[in-house]
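S.K.: In order, the protein sequence lines correspond to chains A and B. According to this note's numbering, the stretch in the first sequence is residues 1 to 137, in order. According to this note's numbering, the stretch in the second sequence is residues 1 to 397, in order.
For the record, the hints were derived by calculation from the structure and aren't laboratory data. It is possible that part of the hints are untrue.
[As the list claims (entries may be wrong)] Partial pick of chain A residues on the chain B-facing surface, computed with a CB cut under 7 angstroms:
1) Ser55
2) Ala56
3) Lys73
4) Ser87
5) Gly93
These figures come from a predicted structure and were not determined experimentally. Quick reminder that beta carbons are idealized off the backbone N, C-alpha and C, glycines included.
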Amino acid sequence: MKFTAKILLAAIACTSLAYADVVVIVSSKSSVAALSKEQVADLYLGKSQELGGGSAVLFDLSDDSIKNVFYDKATGRSLSQIKATWSKLLFNGKGLPPKEAANPAELKKAIAANPNAVGYLDSSAVDASVKVVLKLD
Amino acid sequence: MHKISLVIGCGVVLSCGAAQADDFTVSGFATLSASRLSTDNAAFRSDSRQPNGAGNSWDAAPDSKVGVQGSYRFSDKLSATVTGIAQHNVNNTTSPRIEWAYLDYHLSPSLEIRAGRLGLPAFLASDYLNVNYTMTAVRGPVEVYSQLPISHFDGVDALWRTKAGNVNLTVQPMLGHADFKAAFSDAAGTIASGKADVYGVNVVGEVGNWTLRAGYIGAKVSIESEPTDQLIAGLQGMGAGDVANRLAYNKERSSFSGIGIAYDNGTLIGQSEYTMRRAHSFLADTNAWYVLGGYRLGKFTPYAIAAQQKAISPTSWSDVPAPMSSFVNGLLAAGNTSQRSLSLGMRWDFMKNVAAKAQYSRITPDHGSSAGLLMYDASKGPLNAQNLLTFSLDTVF
């Protein structure tokens, strides 16, 4: 049991080192073709809810290492700053923080199913169910 | 004991709900804090709803609190939110109060209406003033934020989000009623209770790293307290009806307006507000402002704040009949809470979702005020400048 846990931890450590490019994705059914870094920052800092004429449904990955890279590159903010920003919106009833997906597979499934959904992934995890709208490097 | 178990009971019920349904979310916030003032002759409080404050020994009462918020999403359009907060309150207890309890209905992606108990949008930071974790400093500067004893109202508001060029605009009209209780800043903390019909509009614009805010709240306010009621009765008995009428706070038009600006590029933080309270009787008209600047160095954010509140209406009347003059003018003088302060502080984001803060403030009574916003027995003569030290741990969960 302990041994498997160690392997898992090692695997997680390796993947986090391997994050090269983080990409922002929407459903392949979405009408949105591309997003600017500013648009992504506005969405993930709660300044804008609008996406392709509808209300954006945002997703986070529960894995802090890729989350960290995404927020740093897209918004220039640390995870504690992001927590403070979303706490403001959450406790004033003006916005709910992004939903958290447990892993990239679950994230892709949720995004593929919802034309208003937005998320981010390591570029190596992208497949045909989702569409890349911004590459962060 | 009874209160504590009630809070825990609520928490348990809410967490169970959270575990059962995806549409039910529970969040919370808490601050554990200690403050100490450089004198025992006066007391510092963070809010005029606190009937006493910190003197020259460590006191957790001014800023410590626990809040729990539950939201239930009935559909994509309809949701309900309830927020309860336990903190040192006007009754000198920590019994929880219902701060917010409202239904929120989305008419369209850009327009929602809310009804129930709602936050009063009086300041730039009104919406998250209770959640200290979201603020750089230990608390909203008291010169500006303690001007109103009202933080919520029962009524309706609307949130209309639109874009003007590249500015994300939120326009929030509101209408409702608020009952409130506050304590005067005399040493005994004399309680006043009041009611207000409120209406107003709040506009927030966000563009890039900038947030701009302007708001106006109009109100018809009535306030009663035992000492003022006695003074008014005494004045009427002496035939000084016009002075009595001026002192009575009975359905008086009052207003609160302000503008604010905030900048945050991830490293550099700046925030400033200018606010104006227009009141009546023993409550002076005040203008108040603050400027905050901070700089993030990794997990550390050193910051500085300059703030001032100034009473701009007369704090003494010359036409009060002699036997009552000292009482009435004593009351008016106590309403002069003019002060300025300079604060230096440090925020340390030392672990996930928890921030530690330390803040030193130099508080100086100003413009003829005997003790500024500090609680004080004015018969002891004017108070000198004082030092205030606060340590806080803030979290969200």
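S.K.: Do the numbers back the hint for Ser87 of chain A, that is, is its least Cβ distance to chain B under 7 angstroms?
M.R.: 5 angstroms, holds
S.K.: Mind checking the CB of Gly93 of chain A against every CB in chain B and telling me if the closest is under 7 angstroms?
M.R.: 5 angstroms, holds
S.K.: Any CB of chain B closer than 7 angstroms to the CB of Ser55 of chain A?
M.R.: 4 angstroms, holds
S.K.: Quick check on the hint: Lys73 of chain A CB to chain B CB, less than 7 angstroms?
M.R.: 12 angstroms, violated
S.K.: Restraint: Ala56 of chain A near chain B, CB-CB cut 7 angstroms. Satisfied or not?
M.R.: Constraint on Ala56 of chain A not satisfied, violated at 9 angstroms.
Violation of the numbered hints given earlier is confined to hints 2 and 3; the remaining hints are satisfied by the structure.
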